[in-house]
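Novice: Read top to bottom, the protein sequences are chains B and F. Take the first sequence: its position 46, counting from 1, is numbered 46 in my numbering, and each next residue is one higher. Take the second sequence: its position 283, counting from 1, is numbered 283 in my numbering, and each next residue is one higher.
Since the hints were derived computationally from the structure, they do not count as laboratory data. Hints should not be assumed to be uniformly reliable.
One copy or two, it doesn't matter: identical chains are merged, so the pair holds either way.
As the list claims (entries may be wrong) - Derived DSSO-like pairs (lysine-lysine); straight-line CA-CA distance at most 30 Å:
no., residue 1, residue 2
1, K26, K102
2, K536, K128
3, K128, K534
4, K26, K57
5, K561, K57
6, K185, K57
7, K121, K102
8, K499, K451
2 protein chains.
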Amino acid sequence: MILRMSTLFLRTLRDDPVDAEVPSHKLLVRAGYVRRAAPGIYSWLPLGYTVLRNVEKIVREEMDAIGAQEVHFPALLPREPYEATNRWEEYGDNIFRLQDRKGGDYLLGPTHEEMFTLLVKDLYSSYKDLPLSLYQIQTKYRDEARPRAGILRGREFVMKDSYSFDVSDEAFMKSYLAHRGAYIKIFDRLGLEYVIVKATSGAMGGSASEEFLVTAVNGEDTYVRSPGGYAANVEAVTTPVPPPVAYDDVPAAHAEDTPDTPTIETLVDHLNAHFPRDDRRWQAGDTLKNVLVVVRHPDGSREPLAIGLPGDREVDEKRLQAQVEPAVVEPFTEADFAAHPALVRGYIGPGVLGEKNPSGIRYLVDPRVVEGTRWVTGADEPGRHVIDLVAGRDFTPDGTIEAAEVRAGDPAPDGSGPLETARGIEMGHIFQLGRTYAEALGLQVLDENGKLVPVTMGSYGVGVSRAVAAIVENSHDDAGIIWPREVAPADVHLVATGKDDAVFEAADRLAGELDAAGVRVLYDDRRGVSPGVKFKDSELIGVPTIVVVGRGLADGVVEVKDRTTGERENVAVADAASHLARLVVP
Amino acid sequence: MILRMSTLFLRTLRDDPVDAEVPSHKLLVRAGYVRRAAPGIYSWLPLGYTVLRNVEKIVREEMDAIGAQEVHFPALLPREPYEATNRWEEYGDNIFRLQDRKGGDYLLGPTHEEMFTLLVKDLYSSYKDLPLSLYQIQTKYRDEARPRAGILRGREFVMKDSYSFDVSDEAFMKSYLAHRGAYIKIFDRLGLEYVIVKATSGAMGGSASEEFLVTAVNGEDTYVRSPGGYAANVEAVTTPVPPPVAYDDVPAAHAEDTPDTPTIETLVDHLNAHFPRDDRRWQAGDTLKNVLVVVRHPDGSREPLAIGLPGDREVDEKRLQAQVEPAVVEPFTEADFAAHPALVRGYIGPGVLGEKNPSGIRYLVDPRVVEGTRWVTGADEPGRHVIDLVAGRDFTPDGTIEAAEVRAGDPAPDGSGPLETARGIEMGHIFQLGRTYAEALGLQVLDENGKLVPVTMGSYGVGVSRAVAAIVENSHDDAGIIWPREVAPADVHLVATGKDDAVFEAADRLAGELDAAGVRVLYDDRRGVSPGVKFKDSELIGVPTIVVVGRGLADGVVEVKDRTTGERENVAVADAASHLARLVVP
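In isolation and in its complexed conformation, chain B is listed as follows (with noise of 0.2 Å):
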């Protein structure tokens, strides 16, 4: 393959386009890859389509080593199976809905559950069908609240998704298993740095999942990790709970004034001031914080929620999301201060919290409030908190929550040392779906004892055109991309200079010999460009190897550079395609 730029299809820019705000924007825009059509929608240009399909390949080759079989499905697909799951209204905003010129309702997949449950469901009757893994490349639709960042999240982008069938739970950690491993050799494959975190199963269903995260300064996913290997997305992350506190010394709750203490620093200020303890000073993690929030419902209806937590931590919402779905989460309002009366805003405590007490409101604690603890928290009267409050002797919650935020330093669940947080992009997700779908969509199949049993499903995605920026945020340098090998849209990027026509005749005469080798080679065979145009656009490409024929020439020799170490050498000009061809064909 030999790509001319004297033809091709491609302008690089010397600017980055205003909206771009991450390296990979910047760069896939300016050196010609892709180009915007609409918020959070773009077109690919024909070495950014070279690179898609290069990452599809990668993709496709894995999935079936391990036995999937490639299908696809329409994008444009029917309401009605989306109904049975209730994802069409869980959705919300986030799909793309439309009618057809009948009424009838559609909306443009996200992902694909139903569709393949249904399939499945259509052509499968017995146990002796399991097990099956099926997966597409395919164009999904999602309409972000905020699309940015270029392909890393739009509007319209390339996904692989996979889904498997088994009888048995037993069956199923097989086929998760093998798409596990299968992840891990595409992501080695696309030379990205990544980490496997267990994740929440989000929208999803399920009851277990990981996410395959690449670690990029830039990615919109934090997640934490420990040194001793740990490591999770931080809605996944459970606190270790700790033993039960001796409180036979601990005096009776007293409640006393304290009067503009309505926030947890004017309050321990206060504490400090006028109730000084011997031992060692009031901190925030010495009072219990109440943070009331309303939980809407798939159905519609609002559920009033209190979290107690410590006052030292703010509640994160994307982990109290996590814990409510499918419910979202929404602001307590006025109204609904006004409907419970017994909440005295600022000081509001146990006293009136939890289902048996006065505000009959839902009550529930960080795993850290476990029995014995002691807490400063509000009497439920203007200007007064209550002191020496024990959890389980002087109130008890309904249950436990998960909401409370994650902080460096905090110990991991399994022992495994101090968490510390770091951001990435999710690349790849792999799903335990269990049986919500199967049953909601009735796909049964006979048991070997002949009975009818729901079937054990997985899910696995992994964002094929958002793969192409993660590259390029794990690999790139002030000058510009830096492509691995497998997935660059050419081997060795072969540039002319000068105004020689002998240059030009010896880079046609190597193009034609690496060609022949099976190198693919992008051809600046440009006249009239300067050569510090050309080796600008060069390192701005990305592709691994750059040739330079040109000064060199007179001496018999042209140079070859790698892109990633910028090292340079001088080849005979004789030697030099069989030289390219061993550097760059595995």
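Fit chain F to the given chain B structure using the hints.
Specialist: Chain F in isolation, oriented as in the chain B frame:
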């Protein structure tokens, strides 16, 4: 490649789908290639997707061979560019429109002229950048009024569309002919029987175009051909204009009572009964029929139109529609009659038609109505007709129009003999777009003299998913599909029959040898399935070469069957792999 039927996601069906009328629809569903997801929307199962990708590969190779560059646009497109070319309105109900969460208008792309034009405008500015041909292979959408015939006319389908950009009409012709040549290669490789016909440009706004029609009795398109090689879409046929006729001896026109003759048939009977002629009987072709319609223009305005044509011909709606595009033809309503009191229903004649006459309605006649032709037509009074009315002497229409039906036996416009009609499936389309899009969207380049000129464009389409169905329409028998080798899902369908382990061992070995030789094998390794069922499946699925390992094994032979000819031969097991490899690998 070995596809094992024991694990392949495939269930062949005994019965035709209830909604299927044409062979490709029946067979592709029954043989497990596609499956309906919604009206006109299909999922591709593993074998089907393999065939689709084989077709894509052929298209891609031939497009690359003429130097066209592959890109990939979004399918979800913003409204604005389609506003600029009026197509947002012109498409009417035929496109899917939707809004995003912010209320922005989008459509699902039916074709991409606007986007390509804007992209080239974005990157290119000089005649030196041209010629340029870009293409994509992409999922497209059309909200068909009557989706039918399976993937032959779906609402979501795969198309290859390409666009050429040139600085002059001469340069354009080269691009056009290059595409034409590539299409001939593509359709030849797809094993299709096809004809290239002259076509009107339809909604595309061009001035010349050709269609590649696959000849098929179930085709939706009617075309005509002559013994001398003329072929055209019915919409594109032009009527040879006869020379003027001398009318010196024609008596003056005379109105006669013709009571109760509102139809041509009743009129002819009345004429023969009451106005007999010496030389020959009156015929429908002696009468001039005047048909009224309304033309609705893109701006919403309604213009009445009268069409005069010989009484033995009907108006062909498609031909009429092609003449008035982008306007659409609507019925002439009661209200329209009420607004034009000069019109006497059933007895309308040229006396009131035409822009200068009492009705003021534009009056266009069939090209056969030349000067001197002599007609019987309405006298604009109830129950009366005019006889001996001579065109050019007694009335003058406002112009001519190609709206009459084309009939077998009509002369070809190029004098190559009488036309006959045939049916075909539109598979490819090559259009001269001219400067319409460039002008609407401002795509100009500097020419050699430094002058800004609009770019001349061409647009070229191949129905990729439709090709899969068209191939089946062309190539099947009662038992099933017969794939041309290059698109077949496998080269060899290897069938192991019986219960004997030795058979399966020999078949396993042969499958491995074939795979090693680069032969793609679909291997029926199912146990406990009768030979009859396996043979039926192999005929239905349609792989071109079927190899049976069974009883013959005792004699050291396997049976090799040609799916097309039905010919069988026994081949020694030991030679089978090399024999087959020679047969199937080009």
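Novice: Determine which of the earlier numbered hints do not hold for this structure and return their numbers in increasing order.
Specialist: none
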